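As given, the protein sequences belong to chains A and B, one line each in that order. Here UniProt numbering is used: the first sequence runs in plain steps of one and ends on residue 304. Here UniProt numbering is used: the second sequence runs in plain steps of one and ends on residue 125.
Treat each hint with caution, since some may be false.
Unchecked claim - Computed cross-link-like contacts, DSSO-like style, restricted to lysine-lysine with a CA-CA straight-line distance of at most 27 Å:
| # | chain 1 | residue 1 | chain 2 | residue 2 |
| --- | --- | --- | --- | --- |
| 1 | A | K255 | B | K15 |
| 2 | B | K51 | A | K268 |
| 3 | A | K103 | B | K51 |
| 4 | B | K35 | B | K15 |
| 5 | B | K45 | B | K105 |
| 6 | A | K103 | B | K15 |
| 7 | B | K21 | A | K103 |
| 8 | A | K103 | B | K109 |
| 9 | B | K109 | B | K21 |
| 10 | B | K62 | B | K109 |
Claimed, not checked - Label pairs and their computed distance ranges (CB to CB):
| # | chain 1 | residue 1 | chain 2 | residue 2 | range |
| --- | --- | --- | --- | --- | --- |
| 11 | A | T205 | B | D79 | 36 to 44 Å |
| 12 | B | E123 | A | P73 | 41 to 49 Å |
| 13 | B | E96 | A | P79 | 22 to 30 Å |
| 14 | A | G262 | B | E123 | 41 to 49 Å |
| 15 | B | E121 | A | E256 | 21 to 29 Å |
| 16 | B | I100 | A | P79 | 44 to 52 Å |
| 17 | B | H122 | A | P79 | 40 to 48 Å |
| 18 | B | G65 | A | D168 | 29 to 37 Å |
| 19 | B | R73 | A | K278 | 30 to 38 Å |
| 20 | B | H122 | A | E169 | 26 to 34 Å |
| 21 | A | E169 | B | K15 | 26 to 34 Å |
| 22 | A | P79 | B | D80 | 34 to 42 Å |
No lab work stands behind these hints, which were simulated from the structure alone. Keep in mind it's a predicted model, so treat the numbers as computed, not measured. The beta carbon of each residue, even a glycine, is placed where N, CA and C say it ideally should be.
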Amino acid sequence: MSAKPVTLVSDTSSHENASQLEQEHVHDVYDHIAPHFSQTRYKPWPIVSAFLASIPSGWVGLDSGTGNGKYLPLPLDRPGESWTIGLDRSSNLLNFAKSAGGKSREVVLGDAMDCCWRSGAFDYAISIATIHHFSTPERRKWAIQALLRCLSPDHGRALIYVWATRQDELSKRSIPRASPPAHDELPYKVPRSIGKDVFVPWKLTPGAPRGDSKYHQNVNGKDEISSTASQQTRRTDFDRYYHMFDEGELRLLVKEAAADLGIGERAKANETLSGTAKSGTFLEFVQDDWERSNFYIELRLWTI
Amino acid sequence: MVRLITHNLLACHAKNCTQTKGFPLAFNDVRVETKEAEFNADFLKSFYERKIDWDALVGAAKQLGDTSLPLERPEMVDDDFLQLLHHVLLEIHVEEGEMICPNCKHVYKIRDGIPNMLLAEHEIG
């Protein structure tokens, strides 16, 4: 990521249309910076690698927001034993993802808020540095729900990574300090005031490869270049929208997303011991932690 | 790429359609390429036993001009069968064309091997 300081978005609710904001400050930006972005995003994050290494042979999974597809070839020591299908909103990034690691990969142009799959189709899913690009709490919740709906209710496992207000000391960015969250006082609804909405600049250096506008597809698959996109053709500076999550916010959001789908939080081991089995699908948090300026949650679904 | 492994999992998600009725999507006007892929018996067995919608796979393969699979889902999974399954699931690439929802007839285009599952704002359910 760029080492420039962030600019706070004054008020996301003032943007009349959240999808317009995301079109301009997420989708168009990634389509333009795709080749440059892809050159700088090749190293898998260790916790994501470890999660994918723990996936049993024969499982099929979804990488929602796959970008240039850097996680699609993993785990490298067991190629072809599990299959990760990549989904992204940027066709230019998918043009890299479809041959990630030098082999043909399965990729789909789609929105992480939609579930374009048979329900319960996947054994596992990852959503790495994606959900923080949605600009309202509702849209972030829908993205988590899309992930939950496409997971097997019997054994589906997921890993979600988002950017945190709590930044690594090594991070070169300066972020305004967030006030500490008061967990116990939080209502069940994720409050709008939680977290921070920011723009993060991306600078194309002279000579950096640019996204080819011929791949700039709209929903109808036409080669339309949006007015925003054509204006940006010669631009070198782009502002990407991020919602930076506060401590505890991602867990709240996941709980709320699951509850809306009728999925309660319950650990499988406790249930087996207590013997008070009640039928239904449940969600268990396996990991909930912070690493290098990101919060992440690993969860699994189970059904009795 | 759209290979039949992905097609077997994709479903229509347009407004007023359902993932159950909007499956399987029907191929139309396709350009297909065949590329060799690494054979992995464990993955194929697992996908076959736990995930596959057999009728959808046979139907889609037929739409792409491949009629090598038996119509009835085989009980016996031997090496010969896994080789057939491997080819149909992982070696036939749909590069261009479209997929049409059997229920609401929504058309999803495939370009440069990438299916476009995006919906316009008014088409989202």
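Against the structure, the hints come out as follows:
1. A:K255 x B:K15: Since the Cα atoms of A:K255 and B:K15 sit roughly 26 Å apart, the hinted pair holds (cutoff 27 Å).
2. B:K51 x A:K268: holds, 24 Å
3. A:K103 x B:K51: holds, 23 Å
4. B:K35 x B:K15: Between B:K35 and B:K15 the Cα gap is close to 35 Å, so the pair fails against 27 Å, i.e. violated.
5. B:K45 x B:K105: violated, 33 Å
6. A:K103 x B:K15: violated, 35 Å
7. B:K21 x A:K103: Judged against 27 Å, a Cα distance of about 33 Å means the pair is violated.
8. A:K103 x B:K109: holds, 23 Å
9. B:K109 x B:K21: holds, 19 Å
10. B:K62 x B:K109: With Cα atoms ~19 Å apart, B:K62 and B:K109 stay inside 27 Å; holds.
11. A:T205 x B:D79: 36 to 44 Å: 53 Å Cβ-Cβ, so the 36 to 44 Å window is violated.
12. B:E123 x A:P73: 41 to 49 Å: Check failed, 33 Å falls outside 41 to 49 Å.
13. B:E96 x A:P79: 22 to 30 Å: holds, 28 Å
14. A:G262 x B:E123: 41 to 49 Å: violated, 26 Å
15. B:E121 x A:E256: 21 to 29 Å: holds, 24 Å
16. B:I100 x A:P79: 44 to 52 Å: For B:I100 and A:P79 the Cβ distance comes to about 33 Å; the hint is violated.
17. B:H122 x A:P79: 40 to 48 Å: Cβ of B:H122 to Cβ of A:P79: about 42 Å, so the range 40 to 48 Å holds.
18. B:G65 x A:D168: 29 to 37 Å: violated, 54 Å
19. B:R73 x A:K278: 30 to 38 Å: holds, 35 Å
20. B:H122 x A:E169: 26 to 34 Å: violated, 47 Å
21. A:E169 x B:K15: 26 to 34 Å: For B:K15 against A:E169, whose Cβ atoms are near 47 Å apart, the range 26 to 34 Å is violated.
22. A:P79 x B:D80: 34 to 42 Å: violated, 23 Å
The structure is inconsistent with the numbered hints 4, 5, 6, 7, 11, 12, 14, 16, 18, 20, 21, 22, although it conforms to all the rest.
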